[in-house]
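Protein chains: 2
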Amino acid sequence: MDYRMASRMDGAQGSIIRELLKLAAEPGMISFGGGAPEPASFPTERFAKIAENAIKNKAKATLGYGISEGYPPLVASLKAYLTKTEHLDFSDNELLILSGGQQCADLVAKLFVNEGDRVLVENPSFVGCMNAFRSYGARLQGIPLESDGVNLEALEAAFATEKPSFFYMISTFQNPSGYTTSHEKRKAIYQLAKQYNVMVFEDNPYGELRYEGAWIPSVKSMDQDGRVLYSGSFSKTLAPGMRVGYLVYNKALHTKCKIAKQGVDVHSSTLYQMMCHAMLKDGYEAHVASLLPRYKAKANVMSAALEKHMHKDVRWQRPQGGFFIMAWLPEGMDSLPFVNEAVKRRVITVPGSAFTVDPSRPNNGIRLNFSLPSAEQIEEGIVILGQLSHEMLG
Amino acid sequence: MDYRMASRMDGAQGSIIRELLKLAAEPGMISFGGGAPEPASFPTERFAKIAENAIKNKAKATLGYGISEGYPPLVASLKAYLTKTEHLDFSDNELLILSGGQQCADLVAKLFVNEGDRVLVENPSFVGCMNAFRSYGARLQGIPLESDGVNLEALEAAFATEKPSFFYMISTFQNPSGYTTSHEKRKAIYQLAKQYNVMVFEDNPYGELRYEGAWIPSVKSMDQDGRVLYSGSFSKTLAPGMRVGYLVYNKALHTKCKIAKQGVDVHSSTLYQMMCHAMLKDGYEAHVASLLPRYKAKANVMSAALEKHMHKDVRWQRPQGGFFIMAWLPEGMDSLPFVNEAVKRRVITVPGSAFTVDPSRPNNGIRLNFSLPSAEQIEEGIVILGQLSHEMLG
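Here the protein sequences line up with chains A and B, keeping their order. So for the first sequence, the working numbering puts the first residue at 1; every next one is plus one. So for the second sequence, the working numbering puts the first residue at 1001; every next one is plus one.
In case anyone wonders, no lab produced these hints; they're calculated from the structure. None of the values given here were measured: they were computed from a predicted structure. Watch out, some of these pointers could steer you wrong.
To be verified - Derived lysine-lysine pairs resembling DSS-like cross-links, with alpha carbons at most 25 Å apart:
no.: 1; chain 1: B; residue 1: Lys-1256; chain 2: A; residue 2: Lys-58
no.: 2; chain 1: A; residue 1: Lys-49; chain 2: A; residue 2: Lys-60
no.: 3; chain 1: A; residue 1: Lys-84; chain 2: A; residue 2: Lys-187
no.: 4; chain 1: A; residue 1: Lys-163; chain 2: A; residue 2: Lys-58
no.: 5; chain 1: B; residue 1: Lys-1296; chain 2: A; residue 2: Lys-22
no.: 6; chain 1: A; residue 1: Lys-22; chain 2: B; residue 2: Lys-1079
no.: 7; chain 1: B; residue 1: Lys-1281; chain 2: B; residue 2: Lys-1049
no.: 8; chain 1: A; residue 1: Lys-296; chain 2: A; residue 2: Lys-258
no.: 9; chain 1: A; residue 1: Lys-60; chain 2: B; residue 2: Lys-1022
no.: 10; chain 1: B; residue 1: Lys-1163; chain 2: A; residue 2: Lys-60
no.: 11; chain 1: B; residue 1: Lys-1256; chain 2: A; residue 2: Lys-60
no.: 12; chain 1: B; residue 1: Lys-1194; chain 2: B; residue 2: Lys-1251
no.: 13; chain 1: A; residue 1: Lys-194; chain 2: A; residue 2: Lys-296
no.: 14; chain 1: A; residue 1: Lys-22; chain 2: B; residue 2: Lys-1258
no.: 15; chain 1: B; residue 1: Lys-1056; chain 2: A; residue 2: Lys-281
no.: 16; chain 1: B; residue 1: Lys-1194; chain 2: A; residue 2: Lys-56
no.: 17; chain 1: A; residue 1: Lys-60; chain 2: A; residue 2: Lys-251
no.: 18; chain 1: A; residue 1: Lys-56; chain 2: B; residue 2: Lys-1256
no.: 19; chain 1: B; residue 1: Lys-1296; chain 2: B; residue 2: Lys-1312
no.: 20; chain 1: B; residue 1: Lys-1022; chain 2: A; residue 2: Lys-22
no.: 21; chain 1: A; residue 1: Lys-22; chain 2: B; residue 2: Lys-1163
no.: 22; chain 1: B; residue 1: Lys-1022; chain 2: A; residue 2: Lys-251
no.: 23; chain 1: A; residue 1: Lys-79; chain 2: A; residue 2: Lys-163
no.: 24; chain 1: A; residue 1: Lys-163; chain 2: A; residue 2: Lys-251
no.: 25; chain 1: A; residue 1: Lys-256; chain 2: B; residue 2: Lys-1022
no.: 26; chain 1: A; residue 1: Lys-60; chain 2: B; residue 2: Lys-1296
no.: 27; chain 1: A; residue 1: Lys-49; chain 2: B; residue 2: Lys-1194
no.: 28; chain 1: A; residue 1: Lys-258; chain 2: B; residue 2: Lys-1022
no.: 29; chain 1: B; residue 1: Lys-1022; chain 2: A; residue 2: Lys-79
no.: 30; chain 1: B; residue 1: Lys-1060; chain 2: B; residue 2: Lys-1281
no.: 31; chain 1: A; residue 1: Lys-22; chain 2: B; residue 2: Lys-1256
Claimed, not checked - To list a few chain A residues with every Cβ distance to chain B over 10 Å, as calculated:
no.: 32; residue: Lys-49
no.: 33; residue: Ala-80
no.: 34; residue: His-183
no.: 35; residue: Trp-215
no.: 36; residue: Val-264
no.: 37; residue: Ser-269
Glycine included, every Cβ here is placed at the ideal spot set by N, Cα and C.
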């Protein structure tokens, strides 16, 4: 039959990254295309014990229906953790456990985006969340991202003229750029949002993975009037396959958020929530601390290799945390031919255009992930990319 | 701040059942309000072993990112199972693993319902799915449900005048009524859908739990032109907390469905998918077979107690499967005062109005679940409800 699809899905796109990652499974490929933690870092012994024990001894709680708000002990321990680490205030705010950061984006769009509404995003930004916003009919507008956060003049102009549903930002170690919004810009963004009465959706899946530099308060921690939504995830610090994330918002929104969650999948996996809770009670902070030297070492290997092998006209910033370095070809160049040629040489990277509001326009960025490949693969892959940069830039 | 919510959520409602179930946790309560399998039936030893083994020995597959289509071995074993048991044809169709039956309803609405579109449902129908449809702006219209399926004249009239996005039906052991659509009506529904070019969304979470009577082919098994979407779930046969369900649809829809799933939560829990796969490979059919005498015995206890204790003007049908009996007060009476008084006497039931398109209108149904309470609780609770029926009906 001729299907009559909902128009909200017209703009929905698949993830080019997930397609690239299918290539990454081929033998001999070096992949800088991913965005996941190292499987060797998963706390598997601990998880196996928790799972076995929970299923055997708490079958009803583990395998029966859970509540939509989230596993209550995890809700409590996570609030305590975020109060301590991010200075969030749970006298004003509530927290909902969701199935990963992706569901946070989906639910926020479902709750706040009418079809045709404007949504502002950093340009570039995380393609998964942009796709979630698009799938509710959002018209995205990108605000140029600088190495210390978005361009404030462009943000203010968009606030003033566009009446956006919200401004979406990844404040720390952004995906794809690796950039962190400075403390000054965070304060300015919150003030502008207040002045123009716009909501901010602050996503922070990488903030805990800081191995250098000083911690910066989140925009949510500055929130005095409930205009900031804040999401986080255990996907980067524990394991992505658990699909456990969380959304923090003003209490006034709790009923609507709960109803929305109930309607999409009733509740998230209780077993994985139990694992997150057990870790938060004992061992989570030590586990995160144990990740930092791993990723710092890899970031340093990649930075040194880029320094040594890349053509001098390729720019990048040494990361202080997170999973990514964005390498920039000279202004005006499109990175797609570079990325395609690199795949032929068996190195996978992601073109910057994949992370922009209009992926058909050329973009000079190349996203490089350093969390998944080994130090040896990083060395080897960057040599190949460096050689290619010299061939292409002469 | 004053929040500007998306209008699609205006009609979204919380589940009265989930609120009632909070009461059910109070000591001394007898609950006929639930709709879940007996926790004692969960295959916990088996699951504990699978979980421990998968996390320890297949950490990357279990805890790393999975693919949006579902865990490939489960997709294969489930196709084989549905080919055998439901005669579905996977040369024409594809299958997507989703997070429970609820996500099937959410995704179908997201893909096919434009705001303001008409969606037809059996009246009464499952409130969780109706809420999912409402949350995308669907205008629901109920088609009166008879004990052998919907009234065909009413269905045809609605098909002819309403151009609905789809007709949603629970073909076997329907929730809340316990009714099964007859083979003749299934054929007629498919023919009408073809004649008026309407899609059918057939939900079948209870069909495997038949302990009496002959199996009836699904509407999906009659589908020749891809107009039937079919969803199922492991929530009733294995454990609801796993949140593993599946959607079957014509291959032409696969790309859109995958993209939609990717956008809502990337993928469903791989660990629980592994458990479903391991069961399907070995033990699932025996496990389901072992459930049948359990639930049949309880259904018989409830039927006998209703027969013995209820006022003669209360009607109900002896079930051949599933989890529910719907008891009907005399036509024109509202069951809400009955349900409220029963709660005071510490017996929880759900009023029929909760399952209708307009819950503010009186309805004479009372949904009684027999899968969760013990035989003793069923006896004791029905005595109380019977006493109340005599007080109310004289």
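### Query
Against chain B, does Val-264/A keep a CB gap of more than 10 Å to every residue?
Per Cβ check, Val-264/A is inside 10 Å of chain B; nearest 5 Å; violated.
### Task
Assess, step by step, whether the Cα of Lys-194/A is no farther than 25 Å from the Cα of Lys-296/A, and give holds or violated.
violated, 37 Å
### Query
Regarding the pair Lys-258/A and Lys-1022/B, is the alpha-carbon distance no greater than 25 Å?
Roughly 15 Å separates the two Cα atoms, so the pair holds.
### Message
Next pair to validate is Lys-60/A with Lys-251/A; report whether the Cα-Cα distance is within 25 Å.
### Response
violated, 30 Å
### Query
Is it true that the CA of Lys-56/A sits at most 25 Å from the CA of Lys-1256/B?
violated, 39 Å
### Task
Assess, step by step, whether the Cα of Lys-296/A is no farther than 25 Å from the Cα of Lys-258/A, and give holds or violated.
It is violated: about 38 Å lies between the C-alpha atoms, which goes past 25 Å.
### Message
What's the verdict on Lys-1194/B and Lys-56/A, does the C-alpha distance respect the 25 Å limit or exceed it?
### Response
violated, 49 Å
### Message
Given the hinted pair Lys-1194/B and Lys-1251/B, is their Cα-Cα distance within 25 Å?
### Response
holds, 18 Å
### Task
Compare the distance between the alpha carbons of Lys-22/A and Lys-1256/B with 25 Å, and conclude whether the hinted pair is satisfied.
Roughly 19 Å separates the two Cα atoms, so the pair holds.
### Message
Checking one constraint from the list: CA of Lys-1296/B to CA of Lys-22/A, max 25 Å. Satisfied?
### Response
Given pair Lys-1296/B, Lys-22/A is violated - Cα atoms ~47 Å apart, limit 25 Å.
#### Entry: Verdict on His-183/A as a residue remote from chain B, using beta-carbon distances over 10 Å
holds, 23 Å
### 25 Å Cα cutoff - pair Lys-22/A, Lys-1079/B
With Cα atoms ~23 Å apart, Lys-22/A and Lys-1079/B stay inside 25 Å; holds.
Comparing the model with each numbered hint stated earlier shows that hints 1, 4, 5, 8, 10, 11, 13, 16, 17, 18, 20, 21, 23, 27, 32, 36 and 37 do not hold.
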